[in-house]
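A.B. asks: For reference, the chains in residue letters:
Protein chains: 2
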Amino acid sequence: MSLTNASPEQAARSAKISSRTLATLPTDARNVALDAIHNALAAAREDILAANARDMEFAKKASAGGELSASILKRLDLSRKGKFDDMLQGIKDVRALEDPVGRVDLRTELDDGLILHRQTCPIGVLLIIFEARPEVIANIASLAIKSANAAILKGGKESTESFKAISTVISNALESTEVPNDSIQLVTTRDAIDPLLELSQYIDLVIPRGSNELVKHCQRKAHMPVMGHADGLCSIYIHSDADMVMAVNVVVDSKTDYPAACNAVETLLVHEDVLDTVLPAVALALVAKGVTLRCDQPTKSALSKHIAQDQAAMLQTATETDYTTEFLDLTLAVRTIPVDSQHPYSAVDAAIDHINTNGSHHTDAIITASKEAADRFCNGVDSACKFWNCSTRFCDGMRFGFGTEVGISTNKVHARGPVGLEGLMIHEYRLAGNGQGAAMYGGSGGRQYTHKKLPFA
Amino acid sequence: MSLTNASPEQAARSAKISSRTLATLPTDARNVALDAIHNALAAAREDILAANARDMEFAKKASAGGELSASILKRLDLSRKGKFDDMLQGIKDVRALEDPVGRVDLRTELDDGLILHRQTCPIGVLLIIFEARPEVIANIASLAIKSANAAILKGGKESTESFKAISTVISNALESTEVPNDSIQLVTTRDAIDPLLELSQYIDLVIPRGSNELVKHCQRKAHMPVMGHADGLCSIYIHSDADMVMAVNVVVDSKTDYPAACNAVETLLVHEDVLDTVLPAVALALVAKGVTLRCDQPTKSALSKHIAQDQAAMLQTATETDYTTEFLDLTLAVRTIPVDSQHPYSAVDAAIDHINTNGSHHTDAIITASKEAADRFCNGVDSACKFWNCSTRFCDGMRFGFGTEVGISTNKVHARGPVGLEGLMIHEYRLAGNGQGAAMYGGSGGRQYTHKKLPFA
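These protein sequence lines map, in sequence, to chains A and B.
Quick note, the first sequence lines up with residues 25 to 481 if you use this note's numbering.
Quick note, the second sequence lines up with residues 25 to 481 if you use this note's numbering.
Here chain A stands alone, though its shape is the one from the complex (with noise of 0.2 angstroms):
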């Protein structure tokens, strides 16, 4: 890793070099940089927590001119009790996995000694920008040389010091081995990303880990592909026939588990036959977690004879904004779905066009007990995601098995949903004849591609 005083432009064409280096090192190199990032962070612990000592004492002086918000600080403290282990234990966690380089995929006799291949490859080069975070350096570095994959790190100017320790132990550490020392570039030049979203001659994918303005301005800028999303607006669709319980844990989970992470739950949508008995039950429970309804006419009428004087506050009129807001927070809109009962699904289709009117296309869930309700919500929300009868807070690469996670992603191309290793990987085709050109086949007389679709092995 280098930590670079070059420009951009130089930076990233380094980067570009290296990439071709890296792509072709075998599983054993790979894994050895990691286990060598590994053990020199481990040894260089006190340097790298009085780095971050001072970035921290920057930052306390920021927060308490009110600059710095309480939990960017929270998330700049390297020393709080096992942060830096877990750092570590991150690097053993990715250097575990399963390598993703060179899994052949598809393999196809196309004539006789003419045998075509697909194998995985890492995709190049990753600009990978992200906020506070000093030990996601370590991560990011991690999945990169582990996926062959050369990076450039952006980070948040907050933790420089930090990152500055961090990538002198990491850039040290690689000159012993095979992984070349651009694969990996930390970049702390001022303004250095908007140049760097221009560059798509040598980045290849950009990848923003932080605030939705962040995520927006870098789909907005970037002449290369942006992976990740910039919203997590997640809803839940109770029916009719839900079981009073379970809309209770999944609600009550999807809300309050971790309210600012982008899979916690949004919008709340509940079908008018379950207003009076599913609906306060859920609410009830809601409220005493501490969490505000903001809801439509019909819920918030059916919710007032329920609440106790004292928390009357916690219930509120929405606004049609609520609805389209990612509160992040003990926030709740909550809407009717109206039934027309000619039509047995209506319910079910008018949740299904408020999803996908409103929602962000990253997880939304129904509960029902009804598996033809589930089959007609999840075949009609146009979600990476879609849940039946559990948390929207499963929406995770962890969660999901992945061993990792990098991002979510609310694409419509390349990656969807939590996204592991795989999601750096691309394909690419590999054809060995023995002297076959094109014009030996087909017409009158011609060869005839055979087709045949061969073993992986």
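Derived from the structure by calculation, the hints contain no laboratory data.
Computed from a predicted structure; not experimentally measured.
The C-beta atom is built at its ideal place from N, Cα and C for all residues, glycine as well.
Keep in mind that a hint or two might mislead.
These stretches of chain B come out as covered by chain A in the derived footprint (C-beta under 8 angstroms, 3 or more residues) [unchecked claim]:
(1) 407-420
(2) 444-456
Quick list of the computed label-pair ranges, beta carbon to beta carbon [what the hints assert, rightly or not]:
(3) A:Asp136 / B:Gly470: 56 to 64 angstroms
(4) B:Lys476 / A:Pro479: 22 to 30 angstroms
(5) B:Gln34 / A:Pro368: 27 to 35 angstroms
With chain A's structure known, arrange chain B on it following the hints.
C.D. replies: Just chain B now, with coordinates in the frame of chain A:
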């Protein structure tokens, strides 16, 4: 299909709405629509050819006035022998392909009664921009319906009458099917391309099928991903141990089978040890086929003694630009690859460097008897397709056995190389539980994820 006078935004919005219905239709409903289109086009042959004749009349005048090339005129003519029948057969071929929708490619038990699966689904709305060939509209409409994607089509203005006739027939045919009429929209409004390229809220992917300029324009302007390639600058490297006959056959086929194709070879790299042996045989065969050679000094001097006096004009001195030019014609740039005797693979590495620096990451080939040299070449070259001892012309969806070709992509995400129906798909995750919340897992005493891989069936 609607032939729309709607604004680009109205067309895109209605395509988006239709795309959700289309995405939920079963295989049969989509195949029935393909049959209906096929039969309706077959029945309307005379009307369509009459419309095409009107386009041809205009075009011939433009061609006579020098405003339209003879090759566009030829592509425009739907009355050429076999062309209409090929268009009809193309619809049947697409119908016969396996349904790409709803294929499960991952299934995991996260916990007892909490089952995750991933399945393929359509991308949503495609914007397909193409040039004069009128039969392309039927091909693209078929691919879109088969893959359950809505599509907005924008064709070249020279084919307007043909497009209108074909789209009217398709529109009437779809009326009797479950496929929503708005799922395929033909936009004829002049200058509609740029506004469409900004509608990322409705359009998920752009597929430009046409000139380099069209592709580059889309890549620059589009707010959504663009699939395709601008340049096809393919190279072949002849290694020191190449078989002479094989080299002749592969290079001649790669250059002359169809010189205007993106997978034709444009640069020939030759190991310096075979300048006087393999190269002359290859060069004489090329010259006999009418190929002009643009050579560097060593290859020109090696060849000058072999080329007959009356063909001396076919042997020219290369400029640097020739090595970055896609000739699309019977012209080939030739360059020597020098050897550093200290390093066993110096020539292969120099060829790789030349290709990665000057090529377009499309298709590149090596001719060698050595598996080691071939592997080193294929590992080092950063291209979608890497070929060993066979023609670059094999880079093609039909030849690869995909049954169809949506295009050839040099992108580093989503799809790379020849793209079949698979490239029009993305995936979604579905999770089914019985009331689980994320807070139940982990920590001390919490449940543990099982992450058990399940069979797909």
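A.B. asks: All hints, please: hold or fail.
C.D. replies: These are the hints, each one checked on the structure:
| no. | hint | verdict |
| --- | --- | --- |
| 1 | 407-420 | holds (count 13) |
| 2 | 444-456 | holds (count 7) |
| 3 | A:Asp136 / B:Gly470: 56 to 64 angstroms | holds, 58 angstroms |
| 4 | B:Lys476 / A:Pro479: 22 to 30 angstroms | holds, 25 angstroms |
| 5 | B:Gln34 / A:Pro368: 27 to 35 angstroms | holds, 31 angstroms |
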